[in-house]
Every structure is written in structure tokens, then in C-alpha cells.
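Number of protein chains: 4
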Amino acid sequence: MIKVGIVGGTGYTGVELLRILVNHPEAQLHVITSRSEAGVPVADMYPNLRGHTDICFSVPDTNTLGECDVVFFATPHGVAHSLAEEILATGTRVIDLSADFRIQDADEWEKWYGQPHGARGLLPEAVYGLPELKRDDIRNARLIAVPGCYPTSVQLGLMPLLENNLLPEQTIIADCKSGVSGAGRGAKVGSLLCETSESMMAYAVKGHRHLPEIKQGLGWMAGKPVGLTFVPHLTPMIRGIHSTMYAFAPDLPADFDLQGLYEQRYANEPFVDVMPAGSHPATRSVKGSNMCRIAVHRHVETGQIVVLSVIDNLVKGASGQAVQNMNLMFGLDELTGLNHVALMP
Amino acid sequence: MIKVGIVGGTGYTGVELLRILVNHPEAQLHVITSRSEAGVPVADMYPNLRGHTDICFSVPDTNTLGECDVVFFATPHGVAHSLAEEILATGTRVIDLSADFRIQDADEWEKWYGQPHGARGLLPEAVYGLPELKRDDIRNARLIAVPGCYPTSVQLGLMPLLENNLLPEQTIIADCKSGVSGAGRGAKVGSLLCETSESMMAYAVKGHRHLPEIKQGLGWMAGKPVGLTFVPHLTPMIRGIHSTMYAFAPDLPADFDLQGLYEQRYANEPFVDVMPAGSHPATRSVKGSNMCRIAVHRHVETGQIVVLSVIDNLVKGASGQAVQNMNLMFGLDELTGLNHVALMP
Amino acid sequence: MIKVGIVGGTGYTGVELLRILVNHPEAQLHVITSRSEAGVPVADMYPNLRGHTDICFSVPDTNTLGECDVVFFATPHGVAHSLAEEILATGTRVIDLSADFRIQDADEWEKWYGQPHGARGLLPEAVYGLPELKRDDIRNARLIAVPGCYPTSVQLGLMPLLENNLLPEQTIIADCKSGVSGAGRGAKVGSLLCETSESMMAYAVKGHRHLPEIKQGLGWMAGKPVGLTFVPHLTPMIRGIHSTMYAFAPDLPADFDLQGLYEQRYANEPFVDVMPAGSHPATRSVKGSNMCRIAVHRHVETGQIVVLSVIDNLVKGASGQAVQNMNLMFGLDELTGLNHVALMP
Amino acid sequence: MIKVGIVGGTGYTGVELLRILVNHPEAQLHVITSRSEAGVPVADMYPNLRGHTDICFSVPDTNTLGECDVVFFATPHGVAHSLAEEILATGTRVIDLSADFRIQDADEWEKWYGQPHGARGLLPEAVYGLPELKRDDIRNARLIAVPGCYPTSVQLGLMPLLENNLLPEQTIIADCKSGVSGAGRGAKVGSLLCETSESMMAYAVKGHRHLPEIKQGLGWMAGKPVGLTFVPHLTPMIRGIHSTMYAFAPDLPADFDLQGLYEQRYANEPFVDVMPAGSHPATRSVKGSNMCRIAVHRHVETGQIVVLSVIDNLVKGASGQAVQNMNLMFGLDELTGLNHVALMP
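Residue numbers (my numbering), protein chains in the order written: chain V, 1 to 345; chain Z, 1 to 345; chain W, 1 to 345; chain C, 1 to 345.
Chain V with its partners taken away, still in its complex shape (with noise of 0.2 Å):
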């Protein structure tokens, strides 16, 4: 069994941290911090888990958490920047929800996180947690920064067109829709049902923080920089992630396989589900689930490549990856723990 500590409960990525482990059949859990919290049953925050747990959450300790295989930092940014190293030194290895060891150059996340990186020694072995382009390094790391929800759905959707250098215009798109549970659990008038619901808006189109994290990883497929107008929007719905992807390939014949190609790049990935031609993935079909499912799309006209990918931003945009990272780190089949249907209707 893995001992498993997580800093941080008390968010949406916390508790469905939660709501996958206490399933999992190789995972104990250990230690749950929160320093406000501490004393109170996580089952009194979440009654979704009264009977499947009776852990408290506690002060964070380190020597607690050093006790633990693996510990889950499910913090806001900058937290895991402090306590990352002290907790590595013991031994323990540590997959960070945050988005402190996304990006690999410091001073690009200092720029967009308005504050000094506080762990630049660890970058080089942070391991950018996502499995479809990283399996290898995941399984032998210590640290791993998991990737952002928008950037997962982004990054699924254009891989085998960029690994494939389909597309020489620099003139990607990623049109974003976001349900609220990714704004978080925090008390802002933004987020309440009555600003989001029957509403849809666009934010962030002059910058959003999820940018070069996107940017770094469509780069590292095409083998060098890669442009990207990437706007998000605020969606009327809890969980899901609708990425809209368009892409100008006007060298690409008009008969190329894009159906074949995206079918074979994924023909071995358990949580990548590539949609038969001319299919409209719904965000409710990943509802719960670890999964990303992907269309591809050319337009008739205009040749456009257009994408369509959906993920529970929760799940495979957080958490659920956040454990396809554990079961590769200690030996597991990638799947273990992770075979939820999503919740349809």
C-alpha cells in the first residue's frame, strides 16, 4: 500500500483527490493537512465521504508527511515553492496539483504569477506531469508539477498534429470553455450562482496564467516555439472543459488522415479516447471520469483543422491525472483506481 499525504484538502481538487483515493485499492491515506481546518473531520466538510473516511485534517508537519510514499500538494501557488524541498528530503516524493513547478523557466513564472519563484534549485527535476508526453521521466521521478485543465485539453488536442510538424502558420487557436469549479472553492462574488448561471463570458483574453504553461508544451511537440491566441470562457456548469481548437494548415492536402493520425498517436493511451469522424464530444461523457475524449474536424471550406476535446477539469484536469501520476511513480497499471464511468445523465 502507498502512504499518501495530501497539504491542502479543503478545495475542489482536494476533495476529489479525496473521493479517488479512499477507492483506490493500493492508496492509504495518511495525513491530510489544513491549517484552518485542523480537528475537523474531512467528511464534516464533504458529506460525500461520510463512511468512506474518518481522517481529520491536522496541522501540516513535516515529519507526519515525511512518513507518507507520496504527498499531494493540493495548495494555492507558491505553497508548494516552500515546502517542496524539505519534504523531498525525506524521502518522500511529491506531486504538486499547484502550478508552482509547471513552468520551467523561473522568470516566465515570476512574470506571470506576480511573485518571486521561491524553488528554482528544483526545476530541473520537476517532471511536467502529463503522461501522454512524459510517461517515461513521470515513472522515475520524485517531483511532479501536474499540469493546469485547460492546458491538458489543449495540449491532447494539437500533440499529434505539432509532434508530426503539420502546421507551419504559427496561427493556432484555443478557444476555451471552463465550467465554475475552476475558479475554486473561495468566496468570490464572481463565482456565485447568481453572477455564473445563465451566463457565458470570456475572461482573460488579454492574458491568462495558463498561456505559457500551454505554450512550453506545444513547443516542446513541434520541437520549437509555437504561437497561440488562447481565450477562456466562464461556462454555466460545474465540472467540463470544452477546448475548441483551430488550426490553418493550407499545405495539408485535403484528403490527409487526420482521423488515422490522431487514432494511432492515441491507439495505446487508457485515458485518451479519440472519437469516431465527425463526432461532437460532450464534456457530460468525461463527467467524473479521467478521461479526454477528442474529435478532429476539417472544415469543408476552409480547410481549417478544428479540434474538439473535452475533460472533467477536475478529474483528468487535476486530480484524476494527479493519481495517473502516482500509479506510474510507483510501478502500478496506469488505469488502477482510475475506471470511473462518468455520471451521464
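Keep in mind that the hints were calculated from the coordinates and are not lab data.
Certain hints may be false.
Claimed, not checked - No farther apart than 30 Å at their CA atoms in a straight line, the calculated lysine-lysine pairs in the DSS-like style are these:
(1) Lys-111(C) - Lys-224(C)
(2) Lys-3(C) - Lys-111(C)
(3) Lys-188(C) - Lys-206(Z)
(4) Lys-188(W) - Lys-206(W)
(5) Lys-188(V) - Lys-188(W)
(6) Lys-206(W) - Lys-188(V)
(7) Lys-188(C) - Lys-188(Z)
(8) Lys-3(Z) - Lys-188(Z)
(9) Lys-224(V) - Lys-134(V)
(10) Lys-188(W) - Lys-206(V)
(11) Lys-188(Z) - Lys-206(C)
(12) Lys-188(V) - Lys-206(V)
(13) Lys-188(V) - Lys-3(V)
What the hints assert, rightly or not - Chain Z regions said to be covered by chain W (calculated; three or more residues, Cβ under 8 Å):
(14) 225-239
(15) 304-318
Bear in mind that the values here come from a model prediction, so they are computed numbers and not experimental data.
All residues carry an ideal CB built from backbone N, CA and C; glycine is no exception.
Assemble chains Z, W and C onto chain V, guided by the hints.
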């Protein structure tokens, strides 16, 4: 492995049965029938099942169904009446999710369903599949009538009071609120998003088909007929039933330990969770799970007993309870394949 | 033109007042105050008002408010207590949407609101602004207490029964369902979309601040104290209240003409619509309008009277009713500026 | 008073027309037809209209329709083809909300709608009813084709760019998100709450009937054919369209004043609101109103122009725009009866 058949799996209780059964460690899906969809993979209709099962719908056929250990009926009322006998004759057990065998009084059934009862001969052996009330009978049954969604939540909410004969006045009220999935997957104007979201309404105040079923169950508990005013409401959400029950017990001492009564009654029930005193369970705390969560209050001024009972109408109110019955019938741990944590948020 | 001031217009009742008043043919918006937003155009906070008004929030100031014919308070409780007297002294009338003057018994008010009553001296002249009950008093009032949202729907639903002394047993139950806007625009975790959508829950079963207000009104109608069990529920929608009321009247003949009683009582009420016998009004039928729609049923088995009453909590339950009061106070047709058709779908 | 007839008022654009017209000071509803609902009061079908109109549906009849000054068609496509000529012959003007006269090229229409064009002879005088583009023609028209919902939001969003010939590359993308009411009131599984809420999906990527209509309009603005990739998405809300448009203009100076261009173009338009620079309009800011709100951005890295355009699909995208056309045709102030403030929250 239990060989399982499903008759009529195209509705919401059908896909929910599939969601549960494809991950059930002791069940193997042998056949699923739908005349209209014969030949179509179920995963084409319900993409959440892609990667979990390759089974296709097939035309109903007694031979194939007779190869199963158990057949679930997820059909409109009347269908099980006409098919159950034939299937039972092959030695296969039947778990009927429809209303066909829920009411023991066939004349009463005919009055509410407006058509002749098609299988009066089977009623004596039909067992009402509410494990908390009929566990021993279920273990030995060949034919199970899975309770309706409203009846499950109301009966579990009132059981401790009625079994202990605490309600002298016949003025019980059940004010129930259901998500729209209770209306099924039929293409009806009344179930459109634009007709049901952002709105709340009562319906069937003059009489709902679940009324006689609930009164039958309450009568069993009380050992005598019980009056009930039952008003269902359509609530703008997909899943969930919240039943608020009011019972007038003027002779009950103000300090009577209702909390203890409920906790004791359900101490050994794996799927009934008595919440701490003063709680207000939300339907989302059971979304996707087979749990029923209950809180019991007493109004400080009027002395009214107020019981709050929540379930997921598609799980404990239908397909989950059906599988719970199957587990009992085949000697499995009642929890097998049913330990889902509710999806929250 | 009536010169109008608004104190505290940043919440939902504030913006709803503005929505109504900017198109009111006899009202002219003179000042709207908010200490925190002083200088900000209201249309910056509420873009639906762009093009309808250029007014900016300003710091509260008695001189400016005193220039108005009437000042609306759309503030948390306690604010009107401290400011009303000063404003009234300038000859300006006051319509208070908060709870400050709703309860005539100041001790009772203090018990439920947990703070000293700040304006006992004004209570004798404060008029409870339910036009269907107090129309003549309203016409001559200087100070109006606009009823709460739940109290409006419950009182209108029970008025014909109580005024005619038809309910001998004190076992009235009001099971009320409210949209989330009833909780206001405050940044609370409990009002987040991810906490409230796709879920239904009761709250405050032990006692809600609207209970004494409702009982006061029912008592006025009945001419004696009336017992009430009141249970509010949080419903996953923005606007709307659905009150389901149960009253036991065992001595009332089964053929008593309840429908006629209600139709006659409300025959001349512009904002109460008695639906045809057998109806089930939906909250969406009043969304954005000042109408209260009511249906009255009698349960065929138990004889319970079941009343269904729906309003838009922000209109008839707050800002619309406030303007209805203003119309009465200034001798206008009661419908002036309030003839909105509900938005449907 | 303008005497108004409506053909086919049972759908969502029909009831929305009624909502607007019953409060329109210069319009008088003379007749509304529906073969299936003849004799039924419209307020029985749409209870929001109770108290606002007593009119009943009647069988379509040219004599009665011919008594009107103007007849609105709120019908499926094909109906106006067969009836418009007859009505026009009586001297009555026609405003068609269907697609029948939107596309000037009848062959193109037949290709997309899969049936013969039934009124080619009327096309030369049919005016495309987008006031911002065709105001003068509308004033003198006998026959108006009201634009589709997506086309309205996209054309208004791109008009300033195309009229000024700023887009050299034909790679315009319109990623559009629509509420479910755009699918109409038909009883379709795909429009059920349980199929559409809590989910987001693209549809018709291969080609949507609004594509040729949009391209026709963009071509008029540019004076030459314009390529467009148009992807509509089904969004879990009742009303609203959010169009996000991407246009590549590599030769446009980085400091080009797009904000000024838009503000100037729409300075005198009563129903187009150019938001301040940096804004993100939400669809709820126009819910129930005839306004289109637009923001224009330029991506700092890629130089892509990003335009955000929101409307209420049932108002500016259908019935409100239809009434705006009527106002123009009859010499009224364009705002008459259309000054609704959006319902927010």
C-alpha cells in the same frame, strides 16, 4: 460471476445500471435488449461507456435472457408483466425496476395505471425490494419489485417513527422535490431544459402513482393503514430527490430522543446515513452514490417532527438499489460494486 | 415626477429597483448611495443598466437624500434603524426593503436579529407594506416596511383561509423553496454555483428570521395567534419562490368552494393571479414580474388543503413590491411601471 | 396603432413576440394563428401572459391576416414561402422570423435546407432585416427576412472590420456558444434538461445552416466573398449567444485604434453597445433585452483580433429585432417598446 441481462436499457435507469455493472466485480453483462436499437453498441448511445463495454443492444429473446442468472427490467410499466413469467420459468431471476410488481393489490394497481394487471399470478411471490424493510425476503426471492424513487426516500425517512408506533395522528405530509431525470429520457416538452431549468413547480397534487406504493409501505411499517398527503415537485437539476416530511405527534414528549431512535434503527444499514443532529443534507451529497442521508428535527414551537431525506433518484431510487437487491439475492456483500463516493462538487 | 433616492444599491434588490425605476414613467432617480462604490457609475457594476442611466453611486448624505420625495433602503438590517428618522424629519418618505420595521414587537425583533432595535420610536407609524392586506394604511404612510420574500408568498397563499376563519387546527405547514438570489450578493461559499447548483437542501429548520414575520401577518388575518411550521429550502435557480402550504381543516365540508373563495378574495388585486382549478403554477411564470400566482387544491384522501404560491423573490418579494408601495403612497395607478411580462422561457 | 398578426405563435420566438408586443404602445395584437391550438387562449399555453392578453389562437386565415398592417411569421422554414405572397397581395406587410427569405441565392438556400425554394419571385424585394446594415431598405420594405441569431451576433461583431477592409487574410473564425432555446420548443431528446445541462458541446462542425447566411452578410460588408470557419456550441443555459471571433490582420499596425473604430461605427446605434476597452461582456447583461454588447481585443503576442459579441438569441436574435424592423417600417422611434433592461441576476 453473475451472468446479467438487461431488458430495455435505453433509458436513464438503463444507462445507470450499466455504469454500475461494468465495474461490478462479480457481475458479467451477458445481454442488453432494445428492439429499436438492436445492433447498436450501447457506447454509441451513451459515450460515457466507451472503453468500458463493447456490448450491443439486441432484440429481446427469451433464450438468451434465459442464459442469465438474473435479468433486470428497465422498461415502461406493463412490459415486465408480459415477460417475467417466461423468464422466471427458465430459472432466471428477475429484478424489475418498473412499477409492475410494486403494489400487491392488483386492483389498486389497475386504478392508478389505467390498464389491466398482466401478471396477477406472480404477485404472491414478488418481493418489494427495499432492503431496509425486506432484507430476508429479498435474499430468497425470484422476483423483485424495485421501489420507486419517491417511495424509497419517503419510506426510509418515516420507518423509525412508524415501526415504533409514534405517530397517532394520520396527518403525515411528504413534500418531495425531484430532479428532472425522474421524468425519464422521453422526448417531452415538459422535460426540456427551457421548460424546467430556472423554475420550480409542484405537479400531480391530485394524486401521483407513487402515493399508493408509499402508503402500502408505510402501512407495513405501522401495522395499520396510514394516511398521507404527498406532493411532488419538479426541481431544476438532473439528479436527486429531497423529501421533507412533516408528522404531528402531539403526545410525544418534547425531549423524546428522535436522533437516537434513528441512529439505532439504521446502525447496521450500509446505505442509510443518519446525519448529526441539526443537519440539513443536500442532494449533492449523494449524487452518483447509493446512499440515503437522513436528518430528523423537531420544530421548537409547533412540535412537528420534520424529517429530511435525500437520495439520488437514479441510484438508491432505482439502479443502485436494484444492484443492492442482486447482491443480496446472490449472497454477496451488499456493498459490492456500490461503494461510489458522491460526486461533489 | 417622484424624486427617488436609494440607499445601498449594490445588492440584488438594489439593481432590481434600478431595473424597474429607470423605466418607471413617474419616477426620477435622484441619488443612489454606496460608501464603498462612491463615484462609480452604477452601470459599471451592473452592465444591464448601460444606456439606461448615467447615475453614479455617491456617499450617503442626508441633505441629498432629503431632497427626494421618497428614499428606498436596500441595505442590511440595522441601517434603516439608524438613518430613517433623520430622513423622515426632512419630510421625505421612506420605503425600507430590509427587515428593520417588519416586526411590530421590538423584543421579538431583537430575539431573532440578535442586536438592539435601533428605532423603537418609529414602529407605531411603520406600515407593513403588503398592499393586499394594508392598502389603505400604505396610502397614508410615511414609513413602509416592505415584507420579506417568503412572508409575501406565504401570507398571500393563506390570506383567504385565515380571514374567513376556516382553519381550526393550528397545524399549518409552509414548505418553501427559494432561488439562490434570496441569499444576496455576498461572497459566501454557500452561494457559489458549485455549492448550490445541481442540489436541493433545506436550511434553518430550527428557526428562520422570516418565521416571526409570517406569524405576525397570519395573526393579523386570523385575529388570533396562528401556529406555523416553516421550512425553507435552497433551490438551484437564480430567482423564484415556490411556497407549498398545507392546512388541515377536518370540519370543512369536502365540497367547500375553495376556488371561489380565492377568486373572490383576489378579484380586484392587480398582482395576485388565482390560477384555474387544478393548476400547478411554476416560478418561471412570474420571473421578472411583480405577479403572485396561486393555486388551491384539496387532497382527495386526507382532506388537507394544499396551496401553491409562486413569486419572483426579487420583484413581488422585494423591489417590485417596494415600487407598488410607492405607487400607492403617491396616488399613482398601482400598476405604473410594473407591467413586466415574465421572461419565459 | 399598428394592427399586428402572428402566424405560428406556439414556439419560443412566438411567445417572445407576444411578451414584447403586449406592452408595445403602438401595436395592437389582432390575430395569432396556430392550427393545432385553435381556440386555446395563448395565456393557457404561456401563463406569463395571463393578465396581459385574452387573445386565443385561431386557424390561419388570409382574410383575417389581411386585415393586419403587418404579419409576423414565427414558423418553421417553408411556411412563409407558401403564405407570404397571398398576404402581401392584401397590402399587409410581412416580417418573417424564419429562414425563408434570408438567403438571396435561392439555389444556395435549397442546398442547405434540402427542399425547393417556394417563393423565388419574392426574393428581389425581400430585405435582410439587420437595421445596422440595411436601415434605409427596411424603412421601405414590404417583406423583411429577420436575421438568424448566430448571424446577428457575428455580423455585428465583424462589421466595422470588414466595412473598412481591414482583414486581408480570409481566415476569420467564429466560435459561437448558444443557449438551448435556440433549438426551439420541439420535443427532442437532445434538448432535454438531462441531456444539455451540466454539459458543453460543439455541433454541426461540418456545416450549419447559418453559415451561408453569415457569409452573405460579411460579403456585403467587405464588398467581396469572405471565408469563414463557423463552429456553434450548445451551452447549458436558456437564453444567450456569445460569439467569439478571431481575425488575423498581420499588416494592421499594433497600435491601430480598434476601440475607436468600433465606437465610431456604432455611435448612433440604439441597440449596439461597444463596451469599454478590455471588457468581457456576459450574455446575462443582455438577457431579455434587445441589446448587442461588443468588446474588441487584440492579442498581445499573436496580433489576432478577438471580438466578443453577446445577444439574447430570442430578442436581438429574433423577436426583438423583428419588432425593431416593424418600428422602422412604420416610422416609429426604433426604441419603441424595446427599452427592456436585461434581467440581472
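Tested hints:
1. Between Lys-111(C) and Lys-224(C) the CA atoms are separated by roughly 21 Å; this keeps the pair inside 30 Å, and the hint holds.
2. Pair hint Lys-3(C) plus Lys-111(C) does not hold up; C-alpha atoms about 36 Å apart against a cutoff of 30 Å.
3. At roughly 28 Å between alpha-carbon atoms, Lys-188(C) and Lys-206(Z) fall within 30 Å of each other, so this suggested pair holds.
4. A C-alpha spacing of about 21 Å is found between Lys-188(W) and Lys-206(W), which places the hinted pair at or below 30 Å, so the restraint holds.
5. A distance of roughly 7 Å separates the Cα atoms of Lys-188(V) and Lys-188(W); the hinted pair therefore holds under the 30 Å criterion.
6. The straight-line distance between the Cα atoms of Lys-206(W) and Lys-188(V) is roughly 28 Å, inside the 30 Å bound, and the hint therefore holds.
7. For the suggested pair Lys-188(C) and Lys-188(Z), the alpha carbons sit about 7 Å apart, so the restraint of at most 30 Å is met.
8. At roughly 35 Å between alpha-carbon atoms, Lys-3(Z) and Lys-188(Z) are farther apart than 30 Å, so this suggested pair is violated.
9. Distance check on the hinted pair: Lys-224(V) and Lys-134(V) sit about 17 Å apart at the alpha-carbon level, within 30 Å; holds.
10. Of the supplied pair hints, the one linking Lys-188(W) and Lys-206(V) holds, its CA atoms being roughly 28 Å apart against a limit of 30 Å.
11. Of the supplied pair hints, the one linking Lys-188(Z) and Lys-206(C) holds, its CA atoms being roughly 28 Å apart against a limit of 30 Å.
12. For the proposed pair Lys-188(V) and Lys-206(V), the alpha carbon gap of about 21 Å is at most 30 Å, so the pair holds.
13. In summary, the hint linking Lys-188(V) to Lys-3(V) is not supported, as the alpha carbons are separated by about 35 Å, beyond the 30 Å threshold.
14. For the stretch 225-239 of chain Z, the stated coverage by chain W is satisfied: 10 residues place a CB nearer than 8 Å to a CB of that chain, which reaches the threshold of 3.
15. For the stretch 304-318 of chain Z, the stated coverage by chain W is satisfied: 4 residues place a CB nearer than 8 Å to a CB of that chain, which reaches the threshold of 3.
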